[in-house]
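Residue numbers (this note's numbering), protein chains in the order written: chain A, 558 to 663; chain B, 118 to 513.
In case anyone wonders, no lab produced these hints; they're calculated from the structure.
Backbone N, C-alpha and C define an ideal beta-carbon position, used for all residues, glycine too.
Take these hints with a grain of salt, some might be off.
[Said to hold, decoys possible] Every beta carbon over 12 Å from chain A, so not counted as near; a handful from chain B, in silico:
{"#": "1", "residue": "Pro172"}
{"#": "2", "residue": "Asp313"}
{"#": "3", "residue": "Gly410"}
{"#": "4", "residue": "Ala416"}
{"#": "5", "residue": "Arg450"}
{"#": "6", "residue": "Lys474"}
[Claimed, not checked] No farther apart than 25 Å at their CA atoms in a straight line, the calculated lysine-lysine pairs in the BS3-like style are these:
{"#": "7", "chain 1": "A", "residue 1": "Lys635", "chain 2": "B", "residue 2": "Lys455"}
{"#": "8", "chain 1": "B", "residue 1": "Lys230", "chain 2": "B", "residue 2": "Lys293"}
{"#": "9", "chain 1": "A", "residue 1": "Lys637", "chain 2": "A", "residue 2": "Lys601"}
{"#": "10", "chain 1": "A", "residue 1": "Lys634", "chain 2": "A", "residue 2": "Lys649"}
{"#": "11", "chain 1": "B", "residue 1": "Lys513", "chain 2": "B", "residue 2": "Lys471"}
{"#": "12", "chain 1": "B", "residue 1": "Lys284", "chain 2": "B", "residue 2": "Lys230"}
{"#": "13", "chain 1": "A", "residue 1": "Lys644", "chain 2": "A", "residue 2": "Lys603"}
{"#": "14", "chain 1": "A", "residue 1": "Lys663", "chain 2": "A", "residue 2": "Lys635"}
{"#": "15", "chain 1": "A", "residue 1": "Lys635", "chain 2": "B", "residue 2": "Lys391"}
{"#": "16", "chain 1": "B", "residue 1": "Lys229", "chain 2": "B", "residue 2": "Lys293"}
{"#": "17", "chain 1": "B", "residue 1": "Lys418", "chain 2": "B", "residue 2": "Lys371"}
{"#": "18", "chain 1": "B", "residue 1": "Lys474", "chain 2": "B", "residue 2": "Lys507"}
{"#": "19", "chain 1": "A", "residue 1": "Lys637", "chain 2": "B", "residue 2": "Lys371"}
{"#": "20", "chain 1": "B", "residue 1": "Lys391", "chain 2": "A", "residue 2": "Lys634"}
{"#": "21", "chain 1": "B", "residue 1": "Lys275", "chain 2": "B", "residue 2": "Lys293"}
{"#": "22", "chain 1": "A", "residue 1": "Lys637", "chain 2": "B", "residue 2": "Lys391"}
{"#": "23", "chain 1": "B", "residue 1": "Lys371", "chain 2": "B", "residue 2": "Lys391"}
{"#": "24", "chain 1": "B", "residue 1": "Lys293", "chain 2": "B", "residue 2": "Lys219"}
{"#": "25", "chain 1": "B", "residue 1": "Lys418", "chain 2": "B", "residue 2": "Lys507"}
{"#": "26", "chain 1": "B", "residue 1": "Lys391", "chain 2": "B", "residue 2": "Lys363"}
{"#": "27", "chain 1": "A", "residue 1": "Lys634", "chain 2": "A", "residue 2": "Lys596"}
{"#": "28", "chain 1": "B", "residue 1": "Lys293", "chain 2": "A", "residue 2": "Lys634"}
{"#": "29", "chain 1": "B", "residue 1": "Lys275", "chain 2": "B", "residue 2": "Lys230"}
{"#": "30", "chain 1": "A", "residue 1": "Lys637", "chain 2": "B", "residue 2": "Lys293"}
{"#": "31", "chain 1": "B", "residue 1": "Lys513", "chain 2": "A", "residue 2": "Lys635"}
{"#": "32", "chain 1": "B", "residue 1": "Lys371", "chain 2": "A", "residue 2": "Lys634"}
{"#": "33", "chain 1": "A", "residue 1": "Lys603", "chain 2": "A", "residue 2": "Lys635"}
[Unchecked claim] Some chain A residues close to chain B (C-beta under 10 Å, calculated; not the full set):
{"#": "34", "residue": "Gln583"}
{"#": "35", "residue": "His584"}
{"#": "36", "residue": "Ile586"}
{"#": "37", "residue": "Val591"}
{"#": "38", "residue": "Ser613"}
{"#": "39", "residue": "Tyr616"}
{"#": "40", "residue": "Glu631"}
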Amino acid sequence: MKIYIAIITAIAVAAGVASAAVDEPQHSITLPTVHIELKAGPGKDKAETLCAICHSVDYITMQPNFPRAVWTAEMNKKIKVMGAPIKEEDAKIIIDYLATQYGTGK
Amino acid sequence: MIHTRFTRRDFLKTAGVMTAMAAAANFPVSIFADEKRLMKFPEKTDLILLTSRPPQLETPIHYFRELITPNEAVFVRWHLSNIPTSVDLRQWRLKVGGNTEKQVALSMDDLKKLEKVSVTAVVQCAGNSRSFFDPRVPGGQWGNGAMGNVTWAGARLKDVLAMAGVKAGSVDVSFKGLDGPLLPSVPDFVKSIHVDQAMDDDIIIAYEMNGTYLPMLNGFPARLVVPGWYATYWVKSLSDITVINKPFEGFWMKSAYRIPDNACGCIPPGSAQKSTIPINRMTTRSLIVDPAGGSEVAAGKPVGITGIAFSGGYGVRDVLVSTDGGNVWEESRLGPDKGRYSWRQFFFSWRPEKPGKYTLLSRVTDGIGGSQPLDSLWNPSGFMQNRIEKVEVTLK
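From just these sequences and the hints, can you work out the full model?
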């Protein structure tokens with residue numbers, strides 16, 4: 558039993574040293590997955606599916622409430638400038654959703 | 118008010134320290150009102166989660182009590198979701214080419230054969246403190262924690278360029294990392310600096326942060342370090358350096374990270390910017406770290422007001438502190454000097470006499486006389502926030 562513990566400790570120490578070494582040739586990490594739930598409302602599915610092609614939807618939830626004009630400009634920027642493959646009719650649904658659930662009402 | 122972004126967990130973690138400092142007693146409930154939460158990513162400590170894919174993680178302010186920010190606490194900011202999670206140094210090469218005598222592909226061993234230089238420099242996101250803009254602007258809603266002070270070490274960029282041989286007539290040098298877009302329609306993250314600037318002795322390709330390797334999320338195995346300039350230029354997980362004989366016109370230079378083309382980089386709040394230039398050198402700023410905004414301070418004993426101050430490469434001449442909302446200013450004592458790109462700590466012993474509410478301010482003057490505005494300068498991208506912060510405390 559004592560031997561087992563010693564061996565396990567030795568392996569653990571060796572592994573710890575290896576992962577901390579600067580010269581270890583292969584360096585890898587595993588990113589955590591974080592689930593963010595958007596507010597319920599018409600268009601939630603479109604927003605979750607289409608926005609999440611490129612990024613997690615906490616990009617939405619971290620924003621303060623913006624007027625519709627700002628959300629519209631953001632949506633247009635994503636499509637025209639950032640290359641998001643979102644159809645015009647879907648963009649309208651998402652803008653409505655954002656302006657309603659994450660908007661100022663203006 | 119600043120320092121309002123502690124979460125309950127963060128509060129619990131730091132409560133012991135705060136109590137020991139006798140500077141804080143009760144935090145108002147309102148500071149827990151927002152939904153910021155702490156999250157641990159690989160090789161990083163608990164940081165404030167802004168976004169998870171790609172990761173954007175903010176440093177809790179209490180880490181700024183130290184002169185050097187530990188690697189695991191340095192903020193994380195990626196633009197595109199396809200970020201490197203595994204690098205094999207046997208395969209990794211830094212490719213240098215374009216308008217050069219030859220194309221070279223340097224291994225880490227090659228890079229380490231060049232003279233090793235180190236610099237302590239503030240790394241700060243262009244959008245640090247964006248959440249304090251008024252009116253608010255879209256983008257990463259950072260508090261004040263998208264910065265850190267790190268001792269970087271690596272090879273000089275100019276020595277690396279010399280291995281390829283920059284040809285006459287070169288204009289810009291572009292930098293690309295291992296990250297990339299998930300879709301081909303999305304512009305890849307590539308930044309550039311002018312070829313003359315690239316010859317600056319202080320710009321390095323860093324393979325060490327604070328004496329050890331870079332965490333993957335901070336740009337393993339090597340990143341560009343452009344001291345004094347915003348971190349948008351400090352391309353992480355560097356893979357390609359390209360010298361070009363005309364101005365670089367990639368999206369992240371020509372369309373993104375632009376500021377108004379005037380002395381302040383600012384326009385009237387809420388207006389649209391017309392003529393713009395690429396963002397560049399950091400503005401000068403200071404931050405009171407302790408006491409935290411909203412805290413209660415015990416009467417009858419000296420209160421240590423401490424913080425940090427830095428500039429875009431001009432050092433720190435002095436930091437003045439006001440404890441009466443900006444009427445009377447007194448000079449603070451500065452901490453160790455780690456060079457003109459590092460931040461300086463400042464210390465001020467305050468002896469308040471009467472109980473009540475006090476507004477604490479700090480104001481830095483850099484080595485060339487630059488300082489901070491009393492009110493927030495505004496631009497539509499939320500860049501270069503450097504207003505004089507007001508910290509409200511109650512003396513009981």
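Here's how the hints hold up against the structure:
no.	hint	verdict
1	Pro172	violated, 7 Å
2	Asp313	holds, 30 Å
3	Gly410	holds, 19 Å
4	Ala416	holds, 36 Å
5	Arg450	holds, 37 Å
6	Lys474	holds, 27 Å
7	Lys635/A to Lys455/B	violated, 42 Å
8	Lys230/B to Lys293/B	holds, 22 Å
9	Lys637/A to Lys601/A	holds, 22 Å
10	Lys634/A to Lys649/A	holds, 13 Å
11	Lys513/B to Lys471/B	holds, 8 Å
12	Lys284/B to Lys230/B	holds, 23 Å
13	Lys644/A to Lys603/A	holds, 11 Å
14	Lys663/A to Lys635/A	holds, 21 Å
15	Lys635/A to Lys391/B	holds, 20 Å
16	Lys229/B to Lys293/B	holds, 20 Å
17	Lys418/B to Lys371/B	violated, 54 Å
18	Lys474/B to Lys507/B	holds, 12 Å
19	Lys637/A to Lys371/B	holds, 15 Å
20	Lys391/B to Lys634/A	holds, 17 Å
21	Lys275/B to Lys293/B	holds, 17 Å
22	Lys637/A to Lys391/B	holds, 19 Å
23	Lys371/B to Lys391/B	holds, 14 Å
24	Lys293/B to Lys219/B	holds, 19 Å
25	Lys418/B to Lys507/B	holds, 22 Å
26	Lys391/B to Lys363/B	holds, 24 Å
27	Lys634/A to Lys596/A	holds, 23 Å
28	Lys293/B to Lys634/A	holds, 23 Å
29	Lys275/B to Lys230/B	holds, 14 Å
30	Lys637/A to Lys293/B	holds, 23 Å
31	Lys513/B to Lys635/A	violated, 51 Å
32	Lys371/B to Lys634/A	holds, 15 Å
33	Lys603/A to Lys635/A	holds, 15 Å
34	Gln583	holds, 5 Å
35	His584	holds, 5 Å
36	Ile586	holds, 4 Å
37	Val591	holds, 4 Å
38	Ser613	holds, 4 Å
39	Tyr616	holds, 5 Å
40	Glu631	holds, 5 Å
Of the hints listed earlier, those the structure fails to meet are numbers 1, 7, 17, 31, in rising order.
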